[in-house]
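Undergrad: Work out the full structure: start from the sequences and follow the hints.
Chains as they are written, first to last, in our numbering: chain B, 920 to 979; chain A, -8 to 444.
The reader is advised that the hints may include incorrect statements.
Per label pair, the in silico range of CB-to-CB distance [what the hints assert, rightly or not]: (1) A:415 with B:945: 24 to 34 Å; (2) A:378 with B:953: 39 to 49 Å; (3) B:963 with A:260: 19 to 29 Å; (4) A:171 with B:977: 28 to 38 Å; (5) A:172 with B:977: 25 to 35 Å; (6) A:411 with B:946: 52 to 62 Å.
To give an idea of the chain B side of the interface with chain A (calculated C-beta under 10 Å), a few residues [unchecked claim]: (7) 958; (8) 961; (9) 972; (10) 977.
No lab work stands behind these hints, which were simulated from the structure alone. Here a beta-carbon is modelled for each residue, glycine too, at the ideal position from N, C-alpha and C.
Below are the chains, spelled out letter by letter.
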Amino acid sequence: MSTPNAGSSTAGGAAPVTREPAGTGGAYRTTALVLALIVIAALAYGLVQTALKASALFTG
Amino acid sequence: MPSILDREAIIAPRQFNRWLIPAAALAIHLCIGQVYAFSVFKIPMMGHFDTGEVAVGWIFSVAIAMLGLAAAFGGTWVERSGPRKSMVVAGTFWVAGFLVASLGIATGQLWLVYLGYGVVGGIGLGIGYISPVSTLMKWFPDRPGLATGLAIMGFGGGALIASPLSNSLMALFGGGTDPANLEAGLLQTFLTLAAVYAVVISLGAIVIRVPHPDWTPAGWDPSTAAAKPMQTTANVSADSAIRTPQFWLLWIVLFCNVTAGIGILENAAPMIQDYFDWITPAAAAGFVGLLSLANMAGRFVWSATSDSWGRKNNYMMYLGVGLALYLVIALMGGANVVVFILATMVILSFYGGGFSTIPAYLKDLFGVFQVGAIHGRLLTAWSAAGIAGPLIVNSVIEAQADSGLTGASLYSLSLYIMVGLLAIGFLANLLVRPVHPKHHVPEGRDREKEYVQ
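TA: Following this line, the structure appears as structure tokens:
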């Protein structure tokens, strides 16, 4: 997957690794996006709940 | 033939979107960060086990002590095994801890909760805390502070999520929000959290990748890092690192910063009510929520800014400005509630920033080679501060109360002690210099060790 943040190969230095890179195909990308959504939703839930609790400082 | 858990099995291709990795790191930190929300179980557990606050409080203390020990002793293994294997092991311990604790709740055996949540879960905490940090720094060599801020922000975020979630689950399973209902919902809540954490950590372990050894971020020139005097391009092994003065100076810095933060955190709710007698218990709980937000925001914001300001300068700010703000609270905190709230919020943001900036500081001084293992050993400062902070603050407040003091005067002495601690931390940070080259791992050996096991 090529993106603006994708890395590039360096010219120098022999890589000691001979193994093929790990798969990052469609299933991988779907899993990664699902996980990102879970993380964002969970963080949003926590932030909103805490902000509501914190608002008691000004209303309670 | 390496297994799917090994580092060799998760090397990303040269063209890979590194922004897929922070979610994997956050996944485990959001799960294990639940430990900071353990207090929501205090009252239900006291009722369920028919015991006191101290006996239940020990569950959290054992877990935090095990976190420090597991991070210190397991750091080298984590570094050698790679992030996927260590995330799976951490997740297994963390979830098993919940299951053993559930057995303790079901059978009314408190010792099983100590063993499960405290010891077994605590091992998961220690391994899980350090497992994604060095990997993230390898993906973001151009912005290591941002990387560690992202991961360690998750630890703060975990408590923000787990606290309301656990309360809702206990109320759901127990059939109401009364203490008896919450107590009745304890077992199912523990089992549900175990299942949720098992799924999320597994997804994180599936998604995590290590960069290809030939990979560098597009447009990033490693020689720019070499030009900065406090950022080494050499590497120091974990065993050598603990023999350097820099490691112990940073140990003191972390210890002082954490102890000072705990000074506020430990007594936030009663403190604001003692300073301002018109603050209601509900408003005091809101103040605690506000401090949690400051703690979490500080983890990300300050660590990210350290990439441009420099790690040493950031700690000068955490410790120096923190010291000044402690003095403001001690001298005139009771005069104005806005000043009090703002000062404590900034102090708590520095507390969070201190946690998240330290891995990047270690990377600057010791290189990325075994930074996870070195970070693990440094976290013993957190364990020590976790014991020293509450001990200092609570015993001083108790002594002040015994001598007849009330209100804001109860806290003055402990605030001045924190000022002294921050001054020591400030001096320790001032003394940090680049590591002597005699400690460096010979060039080539670090790469070899990291990628060819």
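Undergrad: Against each hint, give a clear statement of whether it holds in the structure.
TA: Taking the hints in turn, this is what the structure says about them:
The hinted window of 24 to 34 Å between residue 415 of chain A and residue 945 of chain B is violated, with their beta carbons roughly 55 Å apart. Here the CB-CB span from residue 378 of chain A to residue 953 of chain B is close to 40 Å, well matched to the stated 39 to 49 Å. Checking the proposed 19 to 29 Å range against residue 963 of chain B and residue 260 of chain A shows it holds: the Cβ atoms sit about 26 Å from each other. Checking the proposed 28 to 38 Å range against residue 171 of chain A and residue 977 of chain B shows it holds: the Cβ atoms sit about 32 Å from each other.
For the hinted restraint 25 to 35 Å between residue 172 of chain A and residue 977 of chain B, the CB-CB distance of approximately 29 Å keeps it satisfied. In this structure, residue 411 of chain A and residue 946 of chain B meet the distance hint of 52 to 62 Å, their C-beta atoms being roughly 56 Å apart. Hint status for residue 958 of chain B relative to chain A: holds, with the closest Cβ pair at about 5 Å, below 10 Å. Interface restraint check: residue 961 of chain B against chain A, minimum CB-CB distance 5 Å, threshold 10 Å, status holds.
The closest approach between the C-beta of residue 972 of chain B and any C-beta of chain A is roughly 4 Å, which is under the 10 Å cut-off, so the hint is satisfied. Interface restraint check: residue 977 of chain B against chain A, minimum CB-CB distance 7 Å, threshold 10 Å, status holds.
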